[in-house]
Amino acid sequence: MTSAAQSAARANPILRLGKSVQGALFRYAGLRGYILFSPTLLVLVGAMCIPVGMLVIYSFWTQKYIEIDTTLTLANYLQIFNKTSYMLLIGKSILISTAVTTATVVLAYPIAYFIAFRVHQHKIVWLILITVPFWTSYLLRVFSWKVILGYNGVINSALKWLGIVDQPLAFLLHNPTAVIITLAHAWAPIAILPIFVSLEKIDRSLLEAATDLGDGPVARFLRVTLPLSIPGVVAASMLVFIPTVGDYITPQLVGGPDGLMVGNLMHAMFFKANNWPLGSALAILSAAAITVTSLAIWFLTKHARERAK
Amino acid sequence: METNRLIDGLAEGTLSRRNLLKGLSALGIGVTMVPYIPGRARAAGQAVYFTWADYEVPELHGDYIKKHGAAPESSFFADEGEGYQKMRAGFTPDVAHPCSYNVKLWRESGLLQPIDTKRLSNWGDVIGSLKTIPGTQHGGKQYFVPFDWGNTSILYRTDQVDIKEESWGLMWDERYKGRLATFAGANETVPYAAVYAGVDPWNMSDADLAKVRALLEKQRPLIRFYADDEATIEQAIKAGEIVAGSTWNSSSIALKNEGIPVKFMNPKEGIMTWVCGLVIHKNAPSLDKAYDLIDSMLSAEAGKFMIVEYGYGHANTKSFDAAGDKAIEAAGLSRDAEAFLKAGVFSNEFKNRDEVLKMFEEVKAGL
Numbered sequence: 001m002t003s004a005a006q007s008a009a010r011a012n013p014i015l016r017l018g019k020s021v022q023g024a025l026f027r028y029a030g031l032r033g034y035i036l037f038s039p040t041l042l043v044l045v046g047a048m049c050i051p052v053g054m055l056v057i058y059s060f061w062t063q064k065y066i067e068i069d070t071t072l073t074l075a076n077y078l079q080i081f082n083k084t085s086y087m088l089l090i091g092k093s094i095l096i097s098t099a100v101t102t103a104t105v106v107l108a109y110p111i112a113y114f115i116a117f118r119v120h121q122h123k124i125v126w127l128i129l130i131t132v133p134f135w136t137s138y139l140l141r142v143f144s145w146k147v148i149l150g151y152n153g154v155i156n157s158a159l160k161w162l163g164i165v166d167q168p169l170a171f172l173l174h175n176p177t178a179v180i181i182t183l184a185h186a187w188a189p190i191a192i193l194p195i196f197v198s199l200e201k202i203d204r205s206l207l208e209a210a211t212d213l214g215d216g217p218v219a220r221f222l223r224v225t226l227p228l229s230i231p232g233v234v235a236a237s238m239l240v241f242i243p244t245v246g247d248y249i250t251p252q253l254v255g256g257p258d259g260l261m262v263g264n265l266m267h268a269m270f271f272k273a274n275n276w277p278l279g280s281a282l283a284i285l286s287a288a289a290i291t292v293t294s295l296a297i298w299f300l301t302k303h304a305r306e307r308a309k
Numbered sequence: 001m002e003t004n005r006l007i008d009g010l011a012e013g014t015l016s017r018r019n020l021l022k023g024l025s026a027l028g029i030g031v032t033m034v035p036y037i038p039g040r041a042r043a044a045g046q047a048v049y050f051t052w053a054d055y056e057v058p059e060l061h062g063d064y065i066k067k068h069g070a071a072p073e074s075s076f077f078a079d080e081g082e083g084y085q086k087m088r089a090g091f092t093p094d095v096a097h098p099c100s101y102n103v104k105l106w107r108e109s110g111l112l113q114p115i116d117t118k119r120l121s122n123w124g125d126v127i128g129s130l131k132t133i134p135g136t137q138h139g140g141k142q143y144f145v146p147f148d149w150g151n152t153s154i155l156y157r158t159d160q161v162d163i164k165e166e167s168w169g170l171m172w173d174e175r176y177k178g179r180l181a182t183f184a185g186a187n188e189t190v191p192y193a194a195v196y197a198g199v200d201p202w203n204m205s206d207a208d209l210a211k212v213r214a215l216l217e218k219q220r221p222l223i224r225f226y227a228d229d230e231a232t233i234e235q236a237i238k239a240g241e242i243v244a245g246s247t248w249n250s251s252s253i254a255l256k257n258e259g260i261p262v263k264f265m266n267p268k269e270g271i272m273t274w275v276c277g278l279v280i281h282k283n284a285p286s287l288d289k290a291y292d293l294i295d296s297m298l299s300a301e302a303g304k305f306m307i308v309e310y311g312y313g314h315a316n317t318k319s320f321d322a323a324g325d326k327a328i329e330a331a332g333l334s335r336d337a338e339a340f341l342k343a344g345v346f347s348n349e350f351k352n353r354d355e356v357l358k359m360f361e362e363v364k365a366g367l
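These protein sequences, in sequence, are chains A and B.
Under our numbering, think of the first position of the first sequence as 1, with each following residue one higher.
Under our numbering, think of the first position of the second sequence as 1, with each following residue one higher.
What the hints contain is simulated information worked out from the structure, not anything from laboratory work.
From a predicted model like this one, the values you see are computed outputs, not experimental measurements.
Incorrect hints may appear among the rest.
Unchecked claim - Covered stretches of chain B, as calculated for chain A (at least 3 residues, CB under 8 Å):
no. : stretch
1   : 103-113
2   : 223-232
3   : 300-311
Stated by the list, open to error - Heads up, simulated DMTMM-like pairs for lysine to aspartate or glutamate below, C-alpha to C-alpha not over 20 Å straight-line:
no. : chain 1 : residue 1 : chain 2 : residue 2
4   : B       : 86        : B       : 228
5   : A       : 64        : B       : 355
6   : B       : 104       : A       : 208
7   : A       : 83        : B       : 355
8   : B       : 282       : A       : 67
Stated by the list, open to error - Sample of chain B residues at the chain A side, in silico, Cβ under 10 Å:
no. : residue
9   : 84
10  : 86
11  : 90
12  : 137
13  : 140
14  : 141
15  : 178
16  : 179
17  : 215
18  : 235
19  : 236
20  : 241
21  : 242
22  : 362
23  : 365
Glycine included, each C-beta is placed from N, C-alpha and C at the ideal position.
Chain A on its own, in the form it takes in the complex (with noise of 0.2 Å):
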């Protein structure tokens, strides 16, 4: 009697803390919705945050030797300031992915467009062979692209044996052609699948409708659906865009000196110079322009979406 009276005293304040927590829960909607998505929180913060805080601390930091001076100070900044090519840098980075970005969405339109429209059956199954460059390793798509377009690759062998050139091309590689090339096929299936589903989602009828009302295919195509399909050409250019600014081994392996972009120099001051805060520092420039050049381009599309209306 007495120990199972004792036993339940002891249960009892873990049972009111549960009573409580109950409570909680059960008052405030914005714990629970907390609480639910806690997981994704967590990996944000941990995966997001914390890295990005930490870079934008390093980059107010000074490398001596082997420590990191931890005054602060702006040294980093002012050093790339100082000299106007670290920004032409950044701004040859932005054009080398603005130049991807367009060749993608040019020639992933196209394909999403025959997909949405013209396939009617097993869709699936061309949206699988779409990805199918992804099932390989970047590294290998990069290597192939130095083998079609190298000094004894296919391209050339092929002129050679065509009698047209009796010396390769040398600039088919190490340039920055080779590098929007080789972008632009590996970023491919990013730029088809927002466009496809934009596609597919537009209202038949409406095109329907369009012809009813004197519309050729070519001016239906304009007025209807391509200006339906814009938030998926803008998603699919942002998904290019973005991550391309900051590529690395791509210009390293086809680009050749000139080819050479800003995620190289970030690279090499984390790793060959050592210089953590000079990388970090050059990391947040290079993210504030890709967010401005962003916000411009999502900007227009707005604008001019707003005019059509």
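Add chain B to chain A, keeping to what the hints say.
What follows is chain B alone, placed relative to chain A:
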């Protein structure tokens, strides 16, 4: 839920949010479980050897393999800068393979432990002058076991390059614009630029640094690519894409064996020489095996392989007897390591390392 239904639903846009989430969570569980599925059996408890490519071959670890029945587990870095960052981030190999000029930095960063040379049976045969390279000893203790030594120089196509005398100037020869390549690492490329400029690479004043920088900037438009490894340079020379590139002895041997007409230059301004070797990580998990690994790599058999197959010098004097004079001559080496290394410009640590490294990165990026 069947996979097909999930994918079809996804494609047709008829998938309910609940089913999509179900599918995604199944995928998530699958992905997180993968690391727990017993995979390929790892070489159980072997020493971890952190090194450059091509040093993982069993011929270099003969005694170790005999004793432990398996090869050490090799992990690679493309250059020592990358290896250094990886170790500072927490990677703990047993043995690593830096060159002598990086040992001081690695030791001061708390990555190394002193090596008890009494535990190395081959230590007595190691060439004396290699044991005392500046920066590799500290407080009377040895932190570095020399292993291989050789040159950095220009490898050029004798059928395509027309030069009167051998000089580093070939790397600035306008006639071969776009047909030259050099290493992306400052430790390989900056010193020869300094030697060509006529300044001491290891003690550069600000003025010297500016002079070297100007030379490297002048070189950049002539360069087809900056290479992270010698294999890229070898392939480009073989294909005829480039006619000359900076590289190491092994490239010369490799291409000559393939019948490519190449010559490893001995520039009049001085060829670069270097010594690389083995260090033990401060927290090496398998210390005994680390010593076994180093000892096996110091053996005369391993040394013979280095000389004959790669054309590099080896730390063990007996390796040269094992390799024979013909192989030594073919590799352009000498039994007298000290004289060989002194005949060239020996690779040391840059006095103002941080400045030099940053300068070269800026030059490469075109800043």
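Hints versus structure:
Only residues whose C-beta sits within less than 8 Å of a C-beta in chain A count toward coverage, and the stretch 103-113 of chain B has 3 of them, enough to reach three; the restraint holds. Proximity of the stretch 223-232 of chain B to chain A, defined as three or more residues with a beta carbon under 8 Å from a beta carbon of that chain, is established by the 5 residues found. As drawn, the stretch 300-311 of chain B meets chain A at 0 residues by the rule of a beta-carbon pair under 8 Å; below three, the given contact is violated. Between residue 86(B) and residue 228(B) the CA atoms are separated by roughly 17 Å; this keeps the pair inside 20 Å, and the hint holds.
Between the alpha carbons of residue 64(A) and residue 355(B) the distance comes to roughly 11 Å, so the proposed pair stays at or under 20 Å and holds. Distance check on the hinted pair: residue 104(B) and residue 208(A) sit about 76 Å apart at the alpha-carbon level, beyond 20 Å; violated. For the hint pairing residue 83(A) with residue 355(B), the CA-to-CA distance comes to about 16 Å; that is within 20 Å, so the pair holds. A C-alpha spacing of about 18 Å is found between residue 282(B) and residue 67(A), which places the hinted pair at or below 20 Å, so the restraint holds.
Using the Cβ-Cβ criterion of 10 Å, the hint placing residue 84(B) at the interface with chain A is satisfied: the shortest such distance is roughly 7 Å. Against a cut-off of 10 Å between C-beta atoms, the interface hint on residue 86(B) holds, since the closest Cβ of chain A lies about 9 Å away. With its C-beta approaching chain A no nearer than about 15 Å, residue 90(B) sits outside the 10 Å limit, and its interface hint is violated. For residue 137(B), the shortest C-beta to C-beta distance to chain A is roughly 19 Å, which exceeds 10 Å, and the interface hint is violated.
Among the interface hints, the one on residue 140(B) is violated; its C-beta lies about 22 Å from the nearest C-beta in chain A, farther than the 10 Å criterion. At about 19 Å, the closest approach between the beta carbon of residue 141(B) and any beta carbon in chain A exceeds 10 Å, and the interface hint on this residue is violated. Evaluation of the residue 178(B) hint against chain A yields a held restraint, the C-beta minimum of about 6 Å falling below 10 Å. With a cut of 10 Å, the hint placing residue 179(B) at the interface with chain A holds, because the nearest CB-to-CB distance is about 8 Å.
Taking 10 Å as the C-beta cut-off, the interface hint given for residue 215(B) is violated, the closest approach to chain A being about 15 Å. Using the Cβ-Cβ criterion of 10 Å, the hint placing residue 235(B) at the interface with chain A is satisfied: the shortest such distance is roughly 9 Å. Restraint check, residue 236(B) versus chain A: the minimum CB separation of about 7 Å is within 10 Å; hint holds. Against a cut-off of 10 Å between C-beta atoms, the interface hint on residue 241(B) holds, since the closest Cβ of chain A lies about 4 Å away.
For the restraint placing residue 242(B) at the interface with chain A, the shortest Cβ-Cβ distance is roughly 9 Å, inside the 10 Å limit, so the hint holds. With 10 Å as the threshold, the beta carbon of residue 362(B) comes within range of chain A, its nearest partner Cβ sitting at about 8 Å, so the hint holds. Of the supplied interface hints, the one on residue 365(B) holds, with its beta-carbon coming within about 4 Å of a beta-carbon of chain A, less than 10 Å.
Hint compliance for this structure: hints 3, 6, 11, 12, 13, 14 and 17 are not met, and every other hint is.
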